[in-house]
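Q: The task is simple: from the sequences and hints, build the whole structure.
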Amino acid sequence: MTIPLTWYLGTAFALFGIGIYGIATKRNLIRILISSEIAANGASIALIAFSTYSPTFSITGQAFVLFLIALAAAQTAIVLCLVMLFNRRYRTIDLLEQRTLRG
Amino acid sequence: MLEFAALSILAIALAILALEYHDIVYAAFFFGIMSSIVAGLYLLLDAPFIAMIQMAVYTGAISVLIIFGVLLIRREEDQPLEPYPTTKRTILGILTAAAVAGLMALAAVQFTWPSTIPSGNYEQAKDLSVLAQAIWGRYVLPTVLLGLALLTAMVGGVALLRKEKIERIAAYRGEPVPVEDRPVGEEPLTPVKELDPRSETP
Numbered sequence: 574m575t576i577p578l579t580w581y582l583g584t585a586f587a588l589f590g591i592g593i594y595g596i597a598t599k600r601n602l603i604r605i606l607i608s609s610e611i612a613a614n615g616a617s618i619a620l621i622a623f624s625t626y627s628p629t630f631s632i633t634g635q636a637f638v639l640f641l642i643a644l645a646a647a648q649t650a651i652v653l654c655l656v657m658l659f660n661r662r663y664r665t666i667d668l669l670e671q672r673t674l675r676g
Numbered sequence: 003m004l005e006f007a008a009l010s011i012l013a014i015a016l017a018i019l020a021l022e023y024h025d026i027v028y029a030a031f032f033f034g035i036m037s038s039i040v041a042g043l044y045l046l047l048d049a050p051f052i053a054m055i056q057m058a059v060y061t062g063a064i065s066v067l068i069i070f071g072v073l074l075i076r077r078e079e080d081q082p083l084e085p086y087p088t089t090k091r092t093i094l095g096i097l098t099a100a101a102v103a104g105l106m107a108l109a110a111v112q113f114t115w116p117s118t119i120p121s122g123n124y125e126q127a128k129d130l131s132v133l134a135q136a137i138w139g140r141y142v143l144p145t146v147l148l149g150l151a152l153l154t155a156m157v158g159g160v161a162l163l164r165k166e167k168i169e170r171i172a173a174y175r176g177e178p179v180p181v182e183d184r185p186v187g188e189e190p191l192t193p194v195k196e197l198d199p200r201s202e203t204p
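Chains as they are written, first to last, in the numbering used here: chain A, 574 to 676; chain B, 3 to 204.
For the record, the hints were derived by calculation from the structure and aren't laboratory data.
One should not assume that every hint holds.
[Said to hold, decoys possible] Below, computed lysine to aspartate or glutamate pairings styled on EDC-like, alpha-carbon distance capped at 20 Å:
{"hint": "1", "chain 1": "A", "residue 1": "K599", "chain 2": "B", "residue 2": "D25"}
{"hint": "2", "chain 1": "A", "residue 1": "K599", "chain 2": "B", "residue 2": "E22"}
{"hint": "3", "chain 1": "B", "residue 1": "K90", "chain 2": "B", "residue 2": "E22"}
This one's a predicted model, so the numbers in the text were calculated from it and none came from an experiment.
A: Here it is in structure tokens:
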């Protein structure tokens, strides 16, 4: 009745893949932000699962997920500020409309 | 078993909905629900404190921030500009995501993972003092640096939005706005005379 670790890993990899898909295909900046958060959620599930299932127990996974969640909050705040500035200056949040940052 | 299957399928379905639903306000709500479902997966993995933090930060803070960001942008500006989405981009994106997830799965199956949780782990995983000793003992330097990173994010957010305010004051006083600071395709801003407080007193 117990769940093997590989099932949790499958869920985590599926969420990470969905996040990568969103980053690769979406043009709306806010959707790209949501995709990166989904990928971070997948990575967190993998870390917690490793931490709980490890034969010699280690709390490192849980501590790292705490750091990851706090960093995700900071990242979201900064990225939303940048999206606001982008929208004010160019009147769009479509990434492919702007070629200024392409170098 | 059943609860894991339900939570996992719900999380994946809500993640796909958050990316593919046409209205971005609903997509942000779907993302918030997905993060609470992921908190349920943490509860199944015997990490109740992390589940609480996930509910507080992801569901409570990040999704509300995203919803505010969506609402602050005008509706006609957040729609995709291509009327007929090309299938080439979608296929390339699915191939990229499948390659990344497949490579990770390929690396994961090289190792024989444990299929059950070792019996001593239940108590330790739920024990908050173990987590506190790890954070404030071995990882005290990353924790302090994390606080500095949060402070930097706050100051950075204020500084990023302050620049726009100064541009508007310059235009309000009648000073010329630098060309590189003007929005693209917009005429140089001219001061509004009837709103100028200096013009009211002769």
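Q: A separate judgement is required for each hint: does it hold in the structure or not?
A: Each hint tested on the structure:
1. Between the alpha carbons of K599 of chain A and D25 of chain B the distance comes to roughly 14 Å, so the proposed pair stays at or under 20 Å and holds.
2. Between the alpha carbons of K599 of chain A and E22 of chain B the distance comes to roughly 9 Å, so the proposed pair stays at or under 20 Å and holds.
3. As the CA atoms of K90 of chain B and E22 of chain B are separated by approximately 16 Å, the hinted pair is consistent with the 20 Å bound.
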